[in-house]
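Trainee: Its first residue numbered 1, the sequence shown is counted upward by one per residue in the UniProt record's numbering.
None of these hints come from the bench; they were simulated from the model.
Model, not experiment: these values are computed from the prediction.
There could be a bad hint or two in this list.
Distance ranges between label pairs, derived from CB positions [stated by the list, open to error]:
hint: 1; residue 1: Ser808; residue 2: Arg378; range: 19 to 29 Å
hint: 2; residue 1: Leu671; residue 2: Glu711; range: 46 to 56 Å
hint: 3; residue 1: Arg110; residue 2: Ser772; range: 32 to 42 Å
hint: 4; residue 1: Thr581; residue 2: Ser772; range: 52 to 62 Å
hint: 5; residue 1: Glu711; residue 2: Gln75; range: 52 to 62 Å
hint: 6; residue 1: Leu671; residue 2: Ala527; range: 34 to 44 Å
hint: 7; residue 1: Phe621; residue 2: Phe547; range: 22 to 32 Å
hint: 8; residue 1: Glu711; residue 2: Phe547; range: 41 to 51 Å
hint: 9; residue 1: Met201; residue 2: Tyr495; range: 24 to 34 Å
hint: 10; residue 1: Pro567; residue 2: Val363; range: 12 to 22 Å
hint: 11; residue 1: Phe621; residue 2: Arg378; range: 24 to 34 Å
hint: 12; residue 1: His278; residue 2: Pro134; range: 31 to 41 Å
C-beta atoms are modelled at their ideal positions from N, C-alpha and C, and glycine is treated no differently.
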Amino acid sequence: MYFPFRQCVFTRQTGGLFSSPMSSGHRFEDNPGVRRHLMKKPSRKLPASGEVSCPHCNLYQVFVELNELVVDKNQEMHWRETARWIKFEEDVEEDTARWGKPHVASLSFRSLLELRKTIAHGAVLLDLEQTTLPGIAHLMVETMIISDQIRAEDRANVLRALLLKHRPWHGMSSLLVCVLPWQKTPHLHNSEGHRKYLKLMEKIPEDAEATVVLVGCVQFLEQPTMAFVRLNEAVFLESVLEVPIPVRFIFVLLGPSQANMDYHEIGRSISTLMSDKHFHEAAYMADDRQDLLNAINEFLDCSIVIPPSEVEGKDLLKSIATFQKLLLMKRKEREQKSMKEGAVQEAEDDPLKRTGIFFGGLVRDIKRRYPKYLSDIRDALHSQCLAAVLFIYFAALSPAITFGGLLGEKTEGLMGVSELIISTSVLGILFSLLGAQPLLVIGFSGPLLVFEEAFYKFCQTQGIEYLTGRVWIGLWLIVFIFIIVAAEGSFLVRYISPFTQEIFAFLISLIFIYETFYKLMFSPNTALLSLILMLGTFFIAFFMRKFKNSRFLGGKARRIIGDFGIPISILVMVLVDYTITDTYTQKLNVPSGLSVTSPHKRGWFIHPMGSSGTFPMWMMFASAIPALLVFILIFMETQITTLIVSKKERKLLKGSGFHLDLLLIGTMGGLCALFGLPWLTAATVRSVTHVNALTVMSKAIAPGEKPKIEEVKEQRVTGVLIAALVGLSIVMGNMLRQIPLAVLFGIFLYMGVTSLTGIQLYERLLLIFMPSKHHPDHIYVVKVKTWRMNLFTCIQLACIVLLWVVKSTVASLAFPFVLIMTVPLRRFVLPRFFHDRELKALDSEDAEPNFDEDGRDEYNELHMPV
Numbered sequence: 001m002y003f004p005f006r007q008c009v010f011t012r013q014t015g016g017l018f019s020s021p022m023s024s025g026h027r028f029e030d031n032p033g034v035r036r037h038l039m040k041k042p043s044r045k046l047p048a049s050g051e052v053s054c055p056h057c058n059l060y061q062v063f064v065e066l067n068e069l070v071v072d073k074n075q076e077m078h079w080r081e082t083a084r085w086i087k088f089e090e091d092v093e094e095d096t097a098r099w100g101k102p103h104v105a106s107l108s109f110r111s112l113l114e115l116r117k118t119i120a121h122g123a124v125l126l127d128l129e130q131t132t133l134p135g136i137a138h139l140m141v142e143t144m145i146i147s148d149q150i151r152a153e154d155r156a157n158v159l160r161a162l163l164l165k166h167r168p169w170h171g172m173s174s175l176l177v178c179v180l181p182w183q184k185t186p187h188l189h190n191s192e193g194h195r196k197y198l199k200l201m202e203k204i205p206e207d208a209e210a211t212v213v214l215v216g217c218v219q220f221l222e223q224p225t226m227a228f229v230r231l232n233e234a235v236f237l238e239s240v241l242e243v244p245i246p247v248r249f250i251f252v253l254l255g256p257s258q259a260n261m262d263y264h265e266i267g268r269s270i271s272t273l274m275s276d277k278h279f280h281e282a283a284y285m286a287d288d289r290q291d292l293l294n295a296i297n298e299f300l301d302c303s304i305v306i307p308p309s310e311v312e313g314k315d316l317l318k319s320i321a322t323f324q325k326l327l328l329m330k331r332k333e334r335e336q337k338s339m340k341e342g343a344v345q346e347a348e349d350d351p352l353k354r355t356g357i358f359f360g361g362l363v364r365d366i367k368r369r370y371p372k373y374l375s376d377i378r379d380a381l382h383s384q385c386l387a388a389v390l391f392i393y394f395a396a397l398s399p400a401i402t403f404g405g406l407l408g409e410k411t412e413g414l415m416g417v418s419e420l421i422i423s424t425s426v427l428g429i430l431f432s433l434l435g436a437q438p439l440l441v442i443g444f445s446g447p448l449l450v451f452e453e454a455f456y457k458f459c460q461t462q463g464i465e466y467l468t469g470r471v472w473i474g475l476w477l478i479v480f481i482f483i484i485v486a487a488e489g490s491f492l493v494r495y496i497s498p499f500t501q502e503i504f505a506f507l508i509s510l511i512f513i514y515e516t517f518y519k520l521m522f523s524p525n526t527a528l529l530s531l532i533l534m535l536g537t538f539f540i541a542f543f544m545r546k547f548k549n550s551r552f553l554g555g556k557a558r559r560i561i562g563d564f565g566i567p568i569s570i571l572v573m574v575l576v577d578y579t580i581t582d583t584y585t586q587k588l589n590v591p592s593g594l595s596v597t598s599p600h601k602r603g604w605f606i607h608p609m610g611s612s613g614t615f616p617m618w619m620m621f622a623s624a625i626p627a628l629l630v631f632i633l634i635f636m637e638t639q640i641t642t643l644i645v646s647k648k649e650r651k652l653l654k655g656s657g658f659h660l661d662l663l664l665i666g667t668m669g670g671l672c673a674l675f676g677l678p679w680l681t682a683a684t685v686r687s688v689t690h691v692n693a694l695t696v697m698s699k700a701i702a703p704g705e706k707p708k709i710e711e712v713k714e715q716r717v718t719g720v721l722i723a724a725l726v727g728l729s730i731v732m733g734n735m736l737r738q739i740p741l742a743v744l745f746g747i748f749l750y751m752g753v754t755s756l757t758g759i760q761l762y763e764r765l766l767l768i769f770m771p772s773k774h775h776p777d778h779i780y781v782v783k784v785k786t787w788r789m790n791l792f793t794c795i796q797l798a799c800i801v802l803l804w805v806v807k808s809t810v811a812s813l814a815f816p817f818v819l820i821m822t823v824p825l826r827r828f829v830l831p832r833f834f835h836d837r838e839l840k841a842l843d844s845e846d847a848e849p850n851f852d853e854d855g856r857d858e859y860n861e862l863h864m865p866v
């Protein structure tokens, strides 16, 4: 019996390698479906990378299951699952009755050649319009006969073999998919393995489609026979897979044992190819057999053959990984050549693109971001947002109190904890409600503390009222901000290369760490206990962060513990301090009510003309100079923080607004000076920590693979709540006064240390003390000589040392100028000593961003004995 089908048996005349069905002597009835199948369609060009021509090419990966024909103890044949691929290979370990560890598949070169040969001579059926396994099997058998792979009298035996029962590994038979005729989606029978099934399904993307590979030996065939099938629509096939996933591809290879062919290895080869992103995209788009063969050739181009030899030691395999990385880089370069159209589209959406119109960038920021305002409220309805609020609240309160105390010391009480808490709260709420990137956390920073101290000393020596001088600086700051925003000056951030960004981020982390230990200079007993409390808080918080990715407990329990690690560490160490009654520790000095730090020195409003006398006229104009310094600090820290937060790796979808955010922060800071409140800026460490806390990691990852970002909860509510809680800290004074200051120093240290990881400068600094044979295969290691890479690192370290010296001396007022000079240093001076390719490699963001990994494969649960 013959069934009509579309595409792909080819004759010699049309480019295939099969004999013509008319010359083979097989009987052909007047079947239009078969005649149409014999015609070759014109080949279509595969889409370039970045173009979207086929919706299936955007699938994250396919699920591949390898089934082999086996004979049980009753001498009955059936199909048994022996391996599966969710990007990486997992094999059934027969001795232990469990799934083995996920691993990169190692294939024999011969199996790949045999696979290519079978596809070149076998049956290829593309876009088959069948929805049942019997219908698919019948068409495969008829095609095998037409292509002279099997005899007509073998039809029944081959068909019977293809329709044998499928049995997963021990204890998994009850998980087989059962699809009833009236159901659109499958259901599962209850079983003891149901929990294991749920864990497996978490690792498979929702839109994934399956490939079924069937290989085995049968003695009734004289030669091997192969069929590669792509269904027109993915369908659920009853009792075939261990998971309810629609099947798109089927590969069958049957043959006699004397054929000198390793069916298992060939099955592994096609399974590995189908789990490869590039190959399965080509398989989705293939028009004919040649497209599949070309895809195999490309796979071989990026593969490595290791000569037969005994290799001892993992370090000897490093050269193999390096060589393959170069092969993959060449393929990536070929793909990038065809991405010009996508780059043009991306440039059109660039928030830093100049319009040439006054305030044009500001208008574009508003039009881009404000239409998404309602979604900024809806997206906050997630439990992870609550955990982020509690975490970042302490992360924002800690520097507000710590920096507030330092500010009070530097200014002799003219500004302190009260002013900084109120400024952090009010400006944080306003910015979260109005800002273009509400994920930024507004706060005080180390560079601003350096400026405040320097300007206070200057006013003391000149006999000028410090707070009144800040008012005029604030007014000039507003003027500078409006000029830059009107001229779309934020485009200058393009010239702030990773060279300057790394220096700035590294310096801020050092300030966090330094101030932590600097504040521990108390009396001996207090210092010892405070050190214990600080280190205890740090290590508990750090352990909770690592515990989130461990293999203990369940995934949800780990995530809860990890998300609430900071509050847990604070609570534990507060209880430790509470139980030690015979030793004094300095507690948080939170003000009672809305009062200034020094009521006898100042009020809530600062008169622009001075309080004790007339403010010097010359200083009203001269304040433009320190205002320029404040502007440089706010501009650089805000824009650099926005750049870091908006990296492509974070997959933010709602965009940023450099002009709008700069206008809001600068204007609000200028007005703050009228009330004697500190200037604030986008705090780098707190902002990155905030985004990390709101990052949702995908659970649909291949076992053994690192988690990938699924989304970031982009919303405004967490920022508003964090800022509001910081303000309410004054009301909660009695409770907060029980927290030792050393505990918050531990959080300070935690933020400083964790923010260092992910900075390329920090990684290159460690490489200086590491033998080159142990260096990772980052692009700045591969493409730059070691001594030149270390020279580049030392130049950055010299800049950091210079900045630290400047901030610690009487020249601290010039700190912003010295910082901004790193931009022309990188742009004009370093190219004279380094090649362009070296600088491009050193400026690359090859290191992974500092994300808290979540959703890691729960190995013990997924690989438990079945």
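Trainee: Taking the hints in turn, state whether each one holds.
Mentor: Hint-by-hint comparison with the structure:
The hint said 19 to 29 Å for the Cβ distance between Ser808 and Arg378, and at roughly 48 Å that hint is violated. Between Leu671 and Glu711 the Cβ separation comes to about 36 Å, which falls outside the hinted range of 46 to 56 Å. Taking the beta carbon of each, Arg110 and Ser772 are about 36 Å apart, inside 32 to 42 Å as hinted. Between Thr581 and Ser772 the C-beta distance comes to about 55 Å, which sits within the given range of 52 to 62 Å.
Range check, Glu711 to Gln75: about 53 Å between beta-carbon atoms, so the 52 to 62 Å window is met. The given range of 34 to 44 Å is respected by Leu671 and Ala527, whose C-beta atoms sit roughly 41 Å from each other. Remark: the range hint 22 to 32 Å for Phe621 to Phe547 is contradicted by a beta-carbon distance near 58 Å. Checking the proposed 41 to 51 Å range against Glu711 and Phe547 shows it is violated: the Cβ atoms sit about 24 Å from each other.
For Met201 and Tyr495, the Cβ-Cβ distance of about 48 Å falls outside the hinted range of 24 to 34 Å, so the restraint is violated. A hinted range of 12 to 22 Å is violated for the C-beta pair Pro567 and Val363, which are about 42 Å apart. At roughly 49 Å, the beta-carbon separation of Phe621 and Arg378 lies outside the given 24 to 34 Å, and the hint is violated. The supplied range of 31 to 41 Å is met by His278 and Pro134, whose beta-carbon atoms lie about 33 Å from each other.
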